[in-house]
Amino acid sequence: MSDVDVDVAVSRSHRHTARWAAISLGVVLLLFIAVLATRKSAADKQAESPLLGKQAPSLTGTALDGSQVSLSSMHGKWVVVNFMASWCVPCQEEHPELVKFTQRHQGAGDAGVLGVIFDDTEPNVRHFFDREGGSWPVVSDPGGHTALDFGVRGPPESFLIDPNGFVVWKAIGQVNADGLEKLLSEGKARGG
Amino acid sequence: MKGRLPWLLMALVLAVALAIGAQGHSGPRTEAQRVKHIASEIRCPTCRNQSAAESDAAAAKAVRDEITRRVRAGESDGEIVAFMVSRYGSDILLKPEGSGVATLVWALPVVAVVVALAGLAVAFRRWRARPGVSVSDEDRALVERELESSR
Amino acid sequence: MSAALGTAGVWLGLLGAAIGVATLGLGLHRRDPKLLEAGRKYAWVIVAGAVLGVIAMESALLRHDFSLRYVAENGSRQTPLLFTITGMWSALEGSILLWALVLSGYLAVMVRHFRKRASDPLVGWATLTVFVVAGFFFALMAGPANPFRVIHGAIPTNGPGPNPLLQNHPLVAFHPPMLYLGYVGFTIPFAFAVAALVTGRLGEGWLVETRRWTLFAWGFLTIGIVLGAWWSYEVLGWGGYWAWDPVENASFIPWLVATAYLHSVMVQERRGMLRIWNLSLLLATFSLTILGTFLTRSGVLESVHSFTESPIGPWILTFFGLVVVTSVGLIAWRGDRLRSPGSIDSPVSREGAFLANNLLFAAFCFVVLLGTVFPLLAEALNGDRLSVGGPYFNRMTTPIVLALLFLMAVAPVLPWRKASEEVLRRRLFWPAAAATLVVVLCVATGLRGLAPLAVFWLGTFAAGSAVRQLALSARRQGWRGLVGRANGGMIVHIGVVIIAVAFAASHAYGHSREFRLSPGQSARLSGHTVTYLGSNTVKSSNKTSVEARVRVDGGKIYAPAVHQFPFATQAIGSPSVKSGLHDDVYLTLAAAPEQAGGSAVIGVIVQPLIMWLWIGGAVIALGTVLAAWPGRRRRPTAPVSAPVEVESTGPPPEPVGVIS
Numbered sequence: 000m001s002d003v004d005v006d007v008a009v010s011r012s013h014r015h016t017a018r019w020a021a022i023s024l025g026v027v028l029l030l031f032i033a034v035l036a037t038r039k040s041a042a043d044k045q046a047e048s049p050l051l052g053k054q055a056p057s058l059t060g061t062a063l064d065g066s067q068v069s070l071s072s073m074h075g076k077w078v079v080v081n082f083m084a085s086w087c088v089p090c091q092e093e094h095p096e097l098v099k100f101t102q103r104h105q106g107a108g109d110a111g112v113l114g115v116i117f118d119d120t121e122p123n124v125r126h127f128f129d130r131e132g133g134s135w136p137v138v139s140d141p142g143g144h145t146a147l148d149f150g151v152r153g154p155p156e157s158f159l160i161d162p163n164g165f166v167v168w169k170a171i172g173q174v175n176a177d178g179l180e181k182l183l184s185e186g187k188a189r190g191g
Numbered sequence: 000m001k002g003r004l005p006w007l008l009m010a011l012v013l014a015v016a017l018a019i020g021a022q023g024h025s026g027p028r029t030e031a032q033r034v035k036h037i038a039s040e041i042r043c044p045t046c047r048n049q050s051a052a053e054s055d056a057a058a059a060k061a062v063r064d065e066i067t068r069r070v071r072a073g074e075s076d077g078e079i080v081a082f083m084v085s086r087y088g089s090d091i092l093l094k095p096e097g098s099g100v101a102t103l104v105w106a107l108p109v110v111a112v113v114v115a116l117a118g119l120a121v122a123f124r125r126w127r128a129r130p131g132v133s134v135s136d137e138d139r140a141l142v143e144r145e146l147e148s149s150r
Numbered sequence: 000m001s002a003a004l005g006t007a008g009v010w011l012g013l014l015g016a017a018i019g020v021a022t023l024g025l026g027l028h029r030r031d032p033k034l035l036e037a038g039r040k041y042a043w044v045i046v047a048g049a050v051l052g053v054i055a056m057e058s059a060l061l062r063h064d065f066s067l068r069y070v071a072e073n074g075s076r077q078t079p080l081l082f083t084i085t086g087m088w089s090a091l092e093g094s095i096l097l098w099a100l101v102l103s104g105y106l107a108v109m110v111r112h113f114r115k116r117a118s119d120p121l122v123g124w125a126t127l128t129v130f131v132v133a134g135f136f137f138a139l140m141a142g143p144a145n146p147f148r149v150i151h152g153a154i155p156t157n158g159p160g161p162n163p164l165l166q167n168h169p170l171v172a173f174h175p176p177m178l179y180l181g182y183v184g185f186t187i188p189f190a191f192a193v194a195a196l197v198t199g200r201l202g203e204g205w206l207v208e209t210r211r212w213t214l215f216a217w218g219f220l221t222i223g224i225v226l227g228a229w230w231s232y233e234v235l236g237w238g239g240y241w242a243w244d245p246v247e248n249a250s251f252i253p254w255l256v257a258t259a260y261l262h263s264v265m266v267q268e269r270r271g272m273l274r275i276w277n278l279s280l281l282l283a284t285f286s287l288t289i290l291g292t293f294l295t296r297s298g299v300l301e302s303v304h305s306f307t308e309s310p311i312g313p314w315i316l317t318f319f320g321l322v323v324v325t326s327v328g329l330i331a332w333r334g335d336r337l338r339s340p341g342s343i344d345s346p347v348s349r350e351g352a353f354l355a356n357n358l359l360f361a362a363f364c365f366v367v368l369l370g371t372v373f374p375l376l377a378e379a380l381n382g383d384r385l386s387v388g389g390p391y392f393n394r395m396t397t398p399i400v401l402a403l404l405f406l407m408a409v410a411p412v413l414p415w416r417k418a419s420e421e422v423l424r425r426r427l428f429w430p431a432a433a434a435t436l437v438v439v440l441c442v443a444t445g446l447r448g449l450a451p452l453a454v455f456w457l458g459t460f461a462a463g464s465a466v467r468q469l470a471l472s473a474r475r476q477g478w479r480g481l482v483g484r485a486n487g488g489m490i491v492h493i494g495v496v497i498i499a500v501a502f503a504a505s506h507a508y509g510h511s512r513e514f515r516l517s518p519g520q521s522a523r524l525s526g527h528t529v530t531y532l533g534s535n536t537v538k539s540s541n542k543t544s545v546e547a548r549v550r551v552d553g554g555k556i557y558a559p560a561v562h563q564f565p566f567a568t569q570a571i572g573s574p575s576v577k578s579g580l581h582d583d584v585y586l587t588l589a590a591a592p593e594q595a596g597g598s599a600v601i602g603v604i605v606q607p608l609i610m611w612l613w614i615g616g617a618v619i620a621l622g623t624v625l626a627a628w629p630g631r632r633r634r635p636t637a638p639v640s641a642p643v644e645v646e647s648t649g650p651p652p653e654p655v656g657v658i659s
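Protein chains in written order, with numbering that gives the first Met the number 0: chain A, 0 to 191; chain C, 0 to 150; chain G, 0 to 659.
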């Protein structure tokens, strides 16, 4: 190296710009990696809903058998509002669980399920229920207004409503009977 | 000054054209335009990454219908958007709004650019301050040699 | 049988990489050229492993060997042949196999290209780095993302086939391979950047050697991104082609950094400056490809493209961490001692323009990256759930794009070192005049909107400047004036301008509406007439479709449809597009008729200049090929005035060509 380069190299080495820039960037990136490492997958996200703790939106409609059903008429019971479609695979998988749940509470009459059709036709859903069983009321939702009121992104989504009409829990994705039972007993213990 | 005159004329013509061109979006929007504008800021609930204005999904249609209903009822853009947030949560908006953390996503890039510009300014000043490397006779001879050998 | 063959291929690749790393590592440690020569041969073992794996997978797919879990989940007897073949990369594990294949291909080319310099430690370090990367991807296939897992228990007789969206269009055969040729191609320049930092040899034109690699990888990535946009437009049914979706962004961010590198390296060649910055750009490009892979395959972000989740996320994230630590560590260790002397005299100069270029692309990269990962960061900070979508990106990137268009116009006419105002005024007058004329015409014909008009002015300005450069160059050198880096680059700029103008026009002047039409009824939108003729149901080997017949502008009949695949959940809409040079008429079947002969809801979207997006992409590809054309050979000489040791590598340099 010639003299010029040595001079330049010496003066440069006092500043270490590259080193400091690299180290600060490295620290930021490692923090970033830590954040990424602790994220749950998007599909698992805990179902937060702005409706939690509030009165459930009003829900009225015509059930599959033609009768008028409303959520308010089910006051005094714990209600699982279940948005479903016959084409959705997790809905098909959770259906037997819902059947189990309704059968368990049929006698006591303290809890039930209210189904809402999400982006599906009545004949399809009727066919589905004929095949898979289940005797709870299922209302259609033409235009998707009920789904919008509840902030439903896609089936299956379920909301647990306490006997006073407050939304206490939301699930994105399929539910199972034991999980529902647990929530029910917790809610009752709290004095719901 | 003479060389600048054509440019000034051109700038004038351009300014007039752009002034005219920037018009046409003002004035009250039609109902359909308002609905489309609001829907384009709301995420289609079932889709992965489209706006409610773009998507054909049932949920998107429901959102558009609700927006239309509320626009007709005379609600403001802000009220309608607030309603959607009250049902779906704040992540239904395609643009982060509101306070706190959300403003970071708008502010950070601006801050980063400002910092980078400042860094460049400092670097330029440092470069200017350094006395120029003077050309020594040794260097001149080196250049001559190289030019000779490549001819 | 396929499982055994494929697994053997995977392990062959993994072992080849491991032994190669060991051999080269030892050879570098002991400075033993014989070990270095031997170590590079393991590249062929890796290639053999990858090829074996691909043959095994494709044969399993084609023979409908459902004993393989991947085939059972992604293959079907009803799927047409093309989509069975492309099924190899239609799901996660197979896409890793494709990555391994492309990487080993590049490795083979690299090893062969540098075979005469195999005993050079720099080549040794570079080869070792590529071995490590290849080893990682084979390890993924040996571990969490095993494409050759076997089904235990009953073997199904048929499968669901690939995702319906991946069976809709032949572009599925081109977009992923092109994308990977680009994405994966950046591994080689990264390896050389690492090698240069480790050996401390920056001044011998190594980065200039790898510039051509970077150019090719960049070219493929550009084509891959444009094909992805085209495919998205033709298949997804919303009439758009770019949604700032996390997966789209994951491929775009490395493209931005690579573009910055391709420009910034010119400053290094001319003035010997920005060496460490350019190395950092290469390190960053590769790191961003790994980050992008993590974001798209780990499931932390929702996306149209989401692969199904798998436990692959933590592995990729760990590898990303390793890459980051290596890159940052090397720069921190070596960076300051290897920085070049030299300064930039004036910001208004070609160097200044390239600095501004670096700044703008860095800002662009930061904005897109921040917007993509911000939902994760916000949630980590205080649990806020928010989305960052199209409106954010469009608003934040518009000023950057406008500034870049301006730079594209001005930089080619800026002299090195210092520019005088008079020179600029003289050279830029006609491009500016043309741009003003274009805007006046647009406004006169009724086009409105400040943003699109600004894009039109700046775009014409930039294109005019590029055309001027090409004209001068052609006048001076004939047809040779169109090849070589500077001229090819001007053609690429023209392609970019075309895309920018088409993007602005289609966003600003598009119209969409839905019409409920009975058979025989017509509707008009933006000067086009659509007539609904009726619908019918069509059954094919892998799907049942309801097709509408729509006559556009009294001419051809188009068939937007809704497809129902037997194993899929919802029906998939399939649009039909009448493309023209002036605009596109995009048709969707929003609602099929409820009874035969009933009315249907037809969605119509008319957007101008869509076809120019694809034409612009082709122009960029052409420009890239021309830019890579070997021009008059210039031996890259370190322009610093002190004598630097240079290995004698052949005949003396030819006279340097004149650069305007």
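It is possible that some hints are incorrect.
List time: in silico BS3-like cross-link candidates among lysine-lysine, alpha-carbon distance up to 25 Å [claimed, not checked]:
1. Lys94(C) with Lys39(A)
2. Lys60(C) with Lys169(A)
3. Lys39(A) with Lys99(A)
Distance windows between CB atoms, simulated [stated by the list, open to error]:
4. Gly2(C) with Trp478(G): 30 to 36 Å
5. Ser149(C) with His112(G): 22 to 28 Å
6. Ile150(G) with Val113(C): 53 to 59 Å
7. Trp429(G) with Gln32(C): 35 to 41 Å
8. Val113(C) with Trp478(G): 32 to 38 Å
9. Trp429(G) with Ala31(C): 39 to 45 Å
10. Pro95(A) with Pro313(G): 44 to 50 Å
11. Pro79(G) with Gln32(C): 39 to 45 Å
12. Pro313(G) with Arg130(A): 51 to 57 Å
13. Arg384(G) with Arg130(A): 53 to 59 Å
I should point out that these hints are in silico values taken from the structure, not numbers from a laboratory. For each residue, glycine too, the CB sits at the ideal point set by N, CA and C.
Inset, instruction - Give me the numbers of the hints this structure contradicts, sorted from smallest to largest. - result: 3, 8, 10, 12, 13
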